[in-house]
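Numbers 1 to 319, taken from the numbering used here, label the letters of the sequence shown in order.
Hints were generated in silico from the structure; no laboratory data involved.
Per label pair, the in silico range of CB-to-CB distance: (1) K191 - D166: 24 to 34 Å; (2) E159 - T48: 36 to 46 Å; (3) N45 - D193: 37 to 47 Å; (4) T48 - S309: 51 to 61 Å; (5) T48 - L26: 23 to 33 Å; (6) S100 - Q163: 41 to 51 Å; (7) G282 - Q306: 25 to 35 Å; (8) F274 - V248: 18 to 28 Å.
No more than 35 Å apart at the CA atoms, straight line, and that leaves these computed lysine-lysine pairs for DSBU-like: (9) K243 - K123; (10) K284 - K50; (11) K123 - K284; (12) K284 - K247; (13) K273 - K141; (14) K44 - K23; (15) K179 - K123; (16) K141 - K179; (17) K247 - K273; (18) K179 - K151; (19) K191 - K141; (20) K284 - K273; (21) K247 - K141; (22) K123 - K273; (23) K151 - K141; (24) K151 - K243; (25) K44 - K123; (26) K13 - K50; (27) K23 - K13; (28) K151 - K247.
This one's a predicted model, so the numbers in the text were calculated from it and none came from an experiment.
Even glycine gets a Cβ: it sits at the ideal position worked out from N, Cα and C.
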Amino acid sequence: MLDNLPAFGICGKPGSGRTTLIKAILPRLRAQGLDVAVAAHDPKNTGTEKLCSLLSSLSQQNDLMLVEGCRSTPLPQVWLLNDDQQEDSNQGRIALAALSRESDRVNTLLAILEEWLSCQWLKTPVFGCVLIGGKSTRLGKPKHLLERNGKTWLEHTVELLRQVTDRTVIAGVGMLPEKLRDCVRLYDAPKIDGPMAGVLSAMRWARRASWLVTACDLPGLSVEALRWLLTTRRPGIWATLPKLQNKVNAEPLLAHYDFRSRTLLEELARQRKFSLNLLAAGSKVLSTAPPAELSPAWLNINTPQQLQSYLDTTGPDVK
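Hey, can you work out the whole structure from these sequences and the hints?
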């Protein structure tokens, strides 16, 4: 589990300057918009299992965890040399660099962390979630079962998600096409209204996955749009809710949710604020416009008039 956590060790013998270095880099990291936690690893009181549990818990609300450690700290790390050490005495541990007191420890470490954290962030598995079960009162029929070219919109959406995710689930109630009966079905989180119920159900089911979430009524959805969303993943960003050009609100129903955003969603749910759009104002949430050629992926269908307009543009084979 430690291999996939954004946890990094600042290690050395007592007196090597571990605490001083951590205090020096914290303001610089936080100025980059990163939430950083600091922990200490004393093998006498904090064994590997306890350290793993602590870091796993901290990772739910932090972009980076720095661990003041020692020779046995089981993390990627830098090793700080004492004045009397001429070379790395870490003896084969996973040190990425050995830093003497005479070196520019602060800038060297910041450069190492920037490269390492960007790679570490992308180790989080990506799952896909299709939201179904809306009442479809305006359209008069379940939208996920509309067909185009002999395939339901739901089948089409699942096929696209499976091309870019490690696993895909369906969240919500409603009949499933026979071809999707083997797909994991999650029921909406109780006592939560709207699409947030499906998103939280998925995030509670797999608590350390990054999620591509999409509604079932986006007939223009494309693999290219999903891949663009994945390019927005980076340290410090807990969700990407695109905002199309000339649109006032963000688009939370074709969006990316890092597992850390569950903390934000749970707090909104606790306050009985069930609009996913409320996330868009947060400092950890990216709201940016996708390339213009990808924008049709966010076109949703709610009414017979919208469906007819879509058919007039793309062709009639929808029923």
